[in-house]
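**Student:** One letter stands for each residue in the lines below.
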Amino acid sequence: MPDALLEVQDLRVHFRTQDGLVKAVDGVSYSLERGRTLGIVGESGSGKSVTSLAIMGLHHGSSAQISGHIRLDGEELVGAPPARVRELRGDKMAMIFQDPLSSLHPYFPVGAQIVEAYRVHHPDATKKQARQRAVDMLGRVGIPEPAVRVDDYPHQFSGGMRQRVMIAMALCNDPGLLIADEPTTALDVTVQAQILDLISDLQAEFGSAVVIITHDLGVVAELSDDILVMYAGRVVEYGSAASIFAHPGHPYTWGLLASMPRMDRERLTRLVPIPGTPPSLIRVPPGCPFHPRCRYGHLNGGRSETEVPELRAAEGTGHLVACHLTAAERTKQWALLSAGQVPDDVKETVPQGGVEA
Amino acid sequence: MRRRRLYGLAAFGAAAALTLAACSSSGSSSSSSGGNTSGAGSAPAFNSGVTSVVNPSTHKGGTLTFDWRAAPDSFDPGNTYYAAVWNFARFYSTALMTFKNCPGSCGKTLVPALATAPGVASDNGLTWTYHIKSGVKYQDGTPVTSKDVKYAIERTFDRGVLPNGPNYFANLLGGNAKTYPGPYKDRAKNLMGLTAIDTPDATTVVFHLKAPFSDMDYLLTIPQSAPVPPDKDTGASYQTHIVSTGPYKFESYQLNKAAVLVPNTEWNASQFPTVSQLPSKLVVNMNMNPNDVDNRLLAGDAQVDFAGTGVQAAARAKILSNPTLKAQSDAPITGFGWFFYIDSQVAPFTNLACRQAIQYAANHLTLQNAYGGPVAGGAIGSTVMPPTVAGYQNFDLYEATTKTQGDPAKAKQLLQTCGQPNGFSTGIAYRSDRPTETQGAQALQQALSAVGIKTTLHGYPSATYFTNFAGVPKYMSSHNIGIAFGGWGADWPDGYGFLSQLVSGPSIVPAGNTNIGMLNDPVVNDLFTKAAGITDEAQRNAIWGQIDRQVMKDSVIVPIVYAKALIYRPPSLTNVYFNQAYQLNNYAVQGLTGG
Amino acid sequence: MVTFIIRRLIGTIFLLIVVSMITFAIFFLIPRLAGQNTYQLAAQYVGRNPTRDAILQVERQLGLADPLYLQYGRFLRGIVFGAHYRTGPTDTYCPPPCFGYSFRSQLPVWPQMISSVPVTLSLAIGASVLWLIGGVSIGVLSALRRGTLFDRFSMAVALAGVSLPIFFTGLVALELFSYKWPIFPNVQYVPFTDNPLLWARNLVLPWLVLAFLYAALYARLTRAGMLETMSEDYIRTARAKGLPERRVIFKHGLRAALTPIVTIFGMDLGLLLGGAIITEVTFSLHGLGLFTVQAINNQDLPEILGVTMLAAFFIVIANLVVDIFYAVLDPRVRF
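Protein chains in written order, with our numbering: chain U, 48 to 404; chain B, -9 to 585; chain P, 509 to 843.
Bear in mind the hints are in silico, worked out from the structure with no lab data behind them.
Be a bit skeptical, because a hint or two may be false.
[Stated by the list, open to error] The following label-pair restraints were derived from C-beta to C-beta distances: (1) S439(B) with A708(P): 57 to 63 Å; (2) G82(U) with R763(P): 38 to 44 Å; (3) E192(U) with V510(P): 23 to 29 Å; (4) R754(P) with S149(U): 44 to 50 Å; (5) F661(P) with S287(U): 31 to 37 Å; (6) I514(P) with G265(U): 51 to 57 Å.
Remember, it's a predicted structure, so these values are computed and weren't measured experimentally.
Here a beta-carbon is modelled for each residue, glycine too, at the ideal position from N, C-alpha and C.
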């Protein structure tokens, strides 16, 4: 395997709060090479953003307890001095966020903000050089008349343009790793496509590794080489995008796929949502964390309630799944589900509204 | 009566200052040592300044600082009615007459100032002639003539320009005084146009009166008679550049803020023994916080409280509890009387017996306490005139000093006599920004309710008390207010000065009235007329006593206390003593120790 | 921007006219409702026991006998054109803006008012510098050290500062630092042009007392503002760029949190310029506040009108400056 730019090994991020220990991330592992895109998928509270913030070292100062390993280009970040992580932040690894209007400082022109990002990591650059860089980046991300608009304020841009600005700012130092946290969620659908194309183009151009965090499988389908599905702070499925879409292995993933409206199904087929609500991360359900919402849990003879499933290669899928279902059962249920049918023995066993954790 | 301004804000600071006063150490905080320089042997003690001169000294130099909680109505000698300003004005103006510089009742003696001698009456008391000293100069070297005295009095006739001073001249002078418009309107015609005053030569002034008035010498102690040069008179703005004939002249004057006076080199000390020129500078700070004034006096940052009516409650507690400080203070009888009126036009007080019932119903002890008790408030009064006024007689018609808690039984009897056996209702007016009157009104209300008289309290602000409420007879009758609190200090220290505007019939006016008892007793009015014609002082004083007695019989005034004031004298102040004429310490002779 | 300013200035003139009308009305109507007539009003400006003639003369001199609209018209004319007053042997001319002559002293109001302004200005500006620096610093520190002993202690002291009235803290300050321990003896205002050192020294106590009150307020405001700002998304972005924490706090955080603080400051300063009444009375400082108290105690209409309009003017100008400043600070609010 070529050298991974980013290696995450058994990462745990726990927060000590007045109500108890919040296990936001509880054993996440993955690796990512240059030039490849990883899509991290999950509901709110699954831990996907927390993972990325941990990589960036943005939990410093809060009550987070981080353990495990994060290696960026071979350098260990967990436990590294905060000053070192700060050097890397914005330079070797960069992040863009969901709402570009609130994520850009309203008081400074966009050019100034890009210049700032550039000069903190290139202290020898002159103002003129930095400004030229900013203009170049704005041009690269497709902002028309960049030399003029470099002095405009964030509120003078449309939503899509603003996100381009954020991308320009993130990439101005040629980071090897770009993390995009829900980059299109706040944007119109038409603009979404443009942004995703942009990210894809820039990745090809710069050769950077991209982590794209989203709850939208459509976004993931378009961009990702690999997909990581997270639930309750844990990885439930991990593999290449092609593999996961072709043979999804985990009931949660099935739920995500089934609850999506799809063009290749009959119009009158009902959407099958995932019943229940995400669990509390303080009192994670014992055994499989998904079991309170899983239709198929009873098919495992009680193992789901007591035993945490390991993430391991699942037969017939070609990638890693953390589930107790047998391969046969899995194949059968998925075939039924993807045809739009739900067998009697698994219908409505889960009360709507979910289980109180 | 001369005005005394009390700043209501004292109430705000009293609470805080009181707690601090209780906590602060009792060490003396004044800067210089308390010793005398030259002169008297015994060290000054409490009340030394009432009867003797404290720290007698001829030492010159230093800055004498006066702190004042208010500001003058005007420093213009022709336009002021404040006792403190009349006292201070002797530093820069010279009236025809003044009072002798000695403590005790000696200080009521009239002595000439600008005049060479007291006035000579002729023409059955209708004409008075004065001669002024020759060689007197203004601060710019120009000589003072008799015309300047006439002009000074003429200018007070134009109330549109100079509204503040007393009205005596307009009321007493003859000739065309009734219609004279003052020397400002139509100046060419009216300058020197007052026929009631003649100036036959440069040093003679002759007054022609409407009717005999034996108190002429007293009248001419008022600074309105101090000379003003007509060509330098700018009317309302004269107060900002007064031309001085006294030992000091104004160096600077920021209206309502501060004034600085420096010695007048043209002043001739040998001509005027009644004023001194000891300090090398006089400073008056105005509109100060009253508690701050006391603190600054105690700390030595200032030497005189200009208002002169005593320290505030907080400082009083500090001084009386500290033997060192107490020895540096005096509590003289000021010559001011606190009392309440009974309006004889408001039923049922039209009936004499009902009015007399109040004299017995009032609890003099609780009233005295409301005013500060025997030390700070004063002794219980039984006469209208306080003991320091010439003409005072000691009598007690209603046993106020013997039955100090009143005599409810006797009061009820009198109520029977006047036809109100079950009592009645009436109102009590008082000045709500004066804590003493507020508490006094409450004390009176309690005492009266014990004999069945139900009262409602009506508080009014001081500024408009006489002009809009208690001093408006129609208002009192229409609101059924039969009792009003008040006080009085004489314009000059004899019976006329004290009583005339309180109890004489002709003094009743529709607004700004001070004869709130609405007394129009022919006996009293005749006695006033009679006294005006008597030139012999002893005879005159006897008549004032008779008037007082008659007024008490008519029972339109119920005396409360003969006021005392606790005055602090810093040890650095020299020649300090209380003057009964001005009812203040004598400012004109004060100086500083060198230390 | 220029049209905006011009429009606001014209609005200011109208506002001042309205303020003057209301003040005029209050001064005359309310006593009238209580049954007072102008004869009684004139009696307040004459010495005790005046003759009827004397009162009538004063009534005429002060113009009280004229109908209200005539008096008001005269007042407006005086502001624009100046006025002539009969004050003695010759009439004097009072140049515009003429706020008339004081009922009580028969001297022009404008010079008296203007000479009070430097005192209030000294007091207000000195105190405001102190409270801005002090209050904001403590607020920032408290926000950054939220929940610590420093935070709790400083917010408790701030609560005291906001709750204790100036006539208490001022008197305590005087008692302790001027009289008991003569660190600041003989506290009297000295003009800056006379002796800058003495000017400052004698103003230290009033500055501290006034600043204490406001610093407390500003500390709490800044703390709240900082806490809110530091939880904004753009702070996270700034950190994500790798900026040093100090720059994140001050350039990105404080700058944004300060915008509302600065605008409030403008308003507070404007109000204070109209006269810090309680402080001036407590410390016997002859500024506009003390002037106001005198004017009201003396029921002196020209003085009351003058000081009310001057105070209103300061507030309106402060409002205008604040609005302009806000646009300068916050690009989202530009025209």
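**Student:** For every hint, state whether the structure bears it out.
**Tutor:** Verification of the supplied hints:
1. S439(B) with A708(P): 57 to 63 Å: holds, 59 Å
2. G82(U) with R763(P): 38 to 44 Å: holds, 39 Å
3. E192(U) with V510(P): 23 to 29 Å: holds, 28 Å
4. R754(P) with S149(U): 44 to 50 Å: violated, 23 Å
5. F661(P) with S287(U): 31 to 37 Å: Taking Cβ atoms as reference, F661(P) and S287(U) lie about 58 Å apart, which means the hint is violated.
6. I514(P) with G265(U): 51 to 57 Å: holds, 55 Å
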